[in-house]
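Colleague: If you're matching them up, the sequences are chains A and B in order.
Counted from 1, the first sequence has number 76 at position 76 by my numbering; the numbering is strictly sequential.
Counted from 1, the second sequence has number 171 at position 171 by my numbering; the numbering is strictly sequential.
Hint data in this document are derived by calculation from the structure and do not stem from the laboratory.
Small disclaimer: the values here were computed from a predicted structure and weren't measured.
Quick reminder that beta carbons are idealized off the backbone N, C-alpha and C, glycines included.
Worth double-checking, as some hints may not be accurate.
Here are a few chain A residues that sit away from chain B, every Cβ distance over 12 Å (derived from the structure) [to be verified]: (1) 32; (2) 41; (3) 189; (4) 197; (5) 203; (6) 231.
Restricting the straight-line Cα-Cα distance to at most 25 Å, the calculated cross-link-like pairs of lysine to aspartate or glutamate (DMTMM-like) are [stated by the list, open to error]: (7) A/190 x B/17; (8) A/190 x B/81; (9) B/94 x A/193; (10) A/190 x B/101; (11) A/190 x B/183.
Each chain, letter by letter, is given below.
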Amino acid sequence: MADKPESAAPAIDAAGITAAPPHHSEWRRIARVYFSRKLYLIGFILVVLIFVVAIFAPLLTPYNPIKTDLTSIVREPSAAHWLGTDQLGRDILCRIIYGTRTSLLIGFSAVFSSAAIGMLMGLTAAHFGGWVFALIMRITDALMALPGIILVLLIAGLVGGGIGVVIFALGFGGIAGMCRMMCGLALSVKQNDYVMAGRSIGMSNWRIMLTQIFPNAFPPLMVGITMGIGGVVLGEAGLSFLGIGVEAPTPSWGGMVFDGQPYLLDNPLLSLAPGVAIMILVFGFNMVGDGIRDAVDPRLRGVL
Amino acid sequence: MSLILDVQNLKTYFHTDYGLVKAADGVSFQVNQGEIIGLVGESGCGKSVTILSVMQLIPIPPGRIVAGTVLFQGQDILKYEPNGAQMRAIRGAKMTMIFQEPMTSLNPVLTIARQITEILELHLDMDKLAARERAIELLKMVGVPDAERRIDDYPHQFSGGMRQRVMIAMAIACNPEIIFADEPTTAVDVTTQAQLLELMLDLVRRINTSLVIVTHNLGVVARYAQRIYVMYAGRIVESGPSEEIFGHPQHPYTIGLLHSVPKLGEKHGTKKLVPILGLPPNLINMPATCAFMPRCEHRIARCQQEPWPELRQVGDQHYISCYVDIRGK
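Build the full structure now, drawing on both the sequences and the hints.
Modeller: Dropping the structure here:
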């Protein structure tokens with residue numbers, strides 16, 4: 001950032017000496033930085049594709065993801081079934097396509113709810129300090145001490161499986177991490193002069209938290225949130241394996257990976273195909289997260 | 001001239017792992033309406049703590065305001081909750097502050113427009129459009145060129161000096177009664193310093209507000225301040241009208257400070273600068289005697305036996321905290 005020579009008066013208007021640098025719309029600038037990186041562009045395209053697939057699933061496949069066909073189980077790929085069929089004769093491609101809906105639903109609801117609650121807790125703890133900090137951090141410690149899987153087993157044992165429980169369990173498990181991250185970032189942001197400056201102009205605690213601390217602490221968390229979506233999709237796979245994930249006929253990538261396990265040697269596509277789908281989704285969201293962070297963080301402006 | 005701010009016996013202590021730090025230890029000062037005051041002292045003498053205490057911006061803990069009154073327009077504002085509605089209504093509206101570091105005092109993720117209009121909406125209840133108009137007007141007042149367009153920029157698109165102008169614009173936004181400028185020009189280069197000081201002085205006169213300049217730079221206050229308070233180790237050691245302080249300094253510390261500043265017009269090499277020997281004291285667990293005594297050339301036996309002297313009058317509005325009568329020597 002080169003300091004421009006300080007000319008007090010806007011008097012020198014000849015030859016555009018004082019003309020401000022060409023003005024860009026902030027959104028256009030963010031988009032330009034984001035899309036100038038190929039990897040982020042690929043990530044963006046992947047995420048858009050995943051959404052398109054989820055929304056238009058019925059148009060993309062002639063099959064029904066739930067209907068079983070016991071006359072054609074565990075088939076090799078063919079013209080009719082591009083990725084073959086599973087142990088109940090269902091088209092794998094079709095189940096992957098419908099599974100996108102399950103993954104996005106679980107990923108987004110779990111991550112957004114845990115992020116919202118966790119960030120609010122972390123922000124509050126960091127801003128107020130003292131006993132508020134101690135209390136919230138001890139709650140976080142307690143949450144972290146609960147092993148996620150056992151917690152989910154407990155909940156599932158009490159109320160049964162299903163998408164709702166998976167979202168709740170995975171979201172609940174994410175709160176502590178979000179709270180910790182937010183708290184750490186907020187504590188360092190809080191040291192900045194502009195937080196004191198905000199106080200000095202009479203801002204209330206809430207206003208300081210929301211306008212001074214939160215927007216400055218948020219960009220690095222964006223990566224955590226997008227990665228969290230991938231993590232939750234993986235977590236859901238693990239839960240499905242344990243039989244407390246998404247209920248049986250609903251297509252879910254995680255469930256498919258584990259359903260295909262017995263046939264790994266005969267027909268690896270059964271597990272491999274949904275596995276690749278998970279990988280693509282996680283990769284796509286991670287790239288988008290990184291890209292958004294780079295693009296919106298004003299401290300990185302001009303560096304990239 | 002009416003009294004705007006009357007600070008009496010302000011004591012702000014910090015509890016650290018190493019002991020008690022008396023950062024401000026019985027500071028008293030007064031500011032009249034429209035007056036420009038200089039608060040001078042070396043780093044760590046408690047200048048910033050003093051004004052942060054007045055505005056109740058001291059982080060608690062580790063800090064604590066243990067004693068004193070701060071009468072602002074007749075009201076003891078130390079009685080208000082530090083973050084309560086009453087104090088917030090004063091901060092930013094009637095009492096504002098310009099910080100030392102223009103590079104870090106603006107929120108980097110909000111546009112300049114957002115940050116200025118925030119104050120206007122907060123205190124003057126302006127609607128968005130009116131606030132924006134006023135913000136542009138303010139930027140023009142502080143000499144930001146092309147204000148209509150620059151207002152939508154982010155702080156990183158401004159240079160240090162320009163950011164400090166924005167800070168000044170924010171400080172005068174609500175026509176405050178008093179502005180505290182905490183080392184407002186320390187972080188910018190010398191030519192910009194002069195411009196900013198002239199600008200501040202001009203604005204302060206225009207809106208008839210009081211200004212307290214906190215600085216370690218005697219040159220800054222010499223030109224602008226009407227009265228000067230010299231601080232050392234958490235106390236005011238000398239106070240008086242600017243001409244008195246610079247013309248007839250009475251406290252050994254002030255004298256030492258003035259000797260250590262090079263003067264224009266003196267032939268190079270004819271006179272050596274005389275530094276004050278020694279280092280400023282560690283403020284942790286200080287003895288009760290005069291804190292400057294170990295460095296003082298004029299110390300007498302009494303200084304080592306008796307506690308730090310109270311301020312005594314030595315001239316018209318001129319006070320020092322010293323047992324020694326240097327003029328008599």
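Colleague: Confirm or reject each hint.
Modeller: Against the structure, the hints:
No Cβ of chain B comes within 12 Å of the Cβ of residue 32 of chain A; the nearest lies about 16 Å off, and the non-interface call holds. Every C-beta of chain B lies more than 12 Å from that of residue 41 of chain A, the closest at about 24 Å, which supports listing it as non-interface. Separation of residue 189 of chain A from chain B is inadequate, the least Cβ-Cβ distance of about 10 Å not exceeding the 12 Å criterion. Not every CB of chain B is more than 12 Å from the CB of residue 197 of chain A (nearest about 5 Å), against its label as outside the interface.
A cut-off of 12 Å between C-beta atoms contradicts the statement that residue 203 of chain A is not in contact with chain B; the least separation is 7 Å. No Cβ of chain B approaches the Cβ of residue 231 of chain A within 12 Å, the least distance being about 27 Å, so the stated non-interface status holds. The hinted pair formed by residue 190 of chain A and residue 17 of chain B meets the criterion: a straight-line CA distance of about 22 Å does not exceed 25 Å. Taking the CA atoms of residue 190 of chain A and residue 81 of chain B, the gap is near 21 Å; set against the 25 Å cutoff, the hint holds.
With a C-alpha separation of about 20 Å, the suggested pair residue 94 of chain B and residue 193 of chain A falls inside the 25 Å cut-off, and the hint holds. Between the alpha carbons of residue 190 of chain A and residue 101 of chain B the distance comes to roughly 15 Å, so the proposed pair stays at or under 25 Å and holds. For the hint pairing residue 190 of chain A with residue 183 of chain B, the CA-to-CA distance comes to about 21 Å; that is within 25 Å, so the pair holds.
Going through the hint list in order, the structure does not satisfy hints 3, 4 and 5.
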